[in-house]
Amino acid sequence: MPRPSDSETARAHSSLTQADLVILRAERPDVAPVVDPFRTVMLQMDRAREGTVMVAGRQHQRDGRLLGDNGALLEEAYTVAVRLTVGSPAGAG
4 MPRPSDSETA RAHSSLTQAD LVILRAERPD VAPVVDPFRT VMLQMDRARE
54 GTVMVAGRQH QRDGRLLGDN GALLEEAYTV AVRLTVGSPA GAG
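Counting in my numbering, the sequence shown runs from 4 upward without gaps.
It is worth saying that the hints were derived from the structure and are not from the lab. Fair warning: this is a prediction, and the values are worked out from it, not measured in the lab. Don't take every hint at face value.
As the list claims (entries may be wrong) - Okay, the calculated beta carbon distance ranges per label pair:
#: 1; residue 1: R68; residue 2: D23; range: 16 to 26 angstroms
#: 2; residue 1: A35; residue 2: V89; range: 19 to 29 angstroms
#: 3; residue 1: A80; residue 2: V44; range: 16 to 26 angstroms
Just so you know, even glycine gets a beta-carbon here, dropped at the ideal spot from N, CA and C.
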């Protein structure tokens, strides 16, 4: 299988990472108190803190739970991941 071009890789990465809105939950003790929001997000938060996610104006996650049938989205993510790892050391084996 041929390796994706740089533009294909950028387009695939963009389509999987763009979000119009991501609301992070900071009510847990391991991130409180939030004194510096930028540093709190960068150093203490991860995807487990996502409360709400909207992509292209459509809500995909609410209160930390995926909404609707995301089978097609997950299939696309898997396909892109396989394409991106073909020929790389992580994909070898």
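Quick rundown of the hints versus the structure:
no.: 1; hint: R68 to D23: 16 to 26 angstroms; verdict: holds (19 angstroms)
no.: 2; hint: A35 to V89: 19 to 29 angstroms; verdict: violated (43 angstroms)
no.: 3; hint: A80 to V44: 16 to 26 angstroms; verdict: holds (23 angstroms)
In this structure, the one hint that does not hold is number 2.
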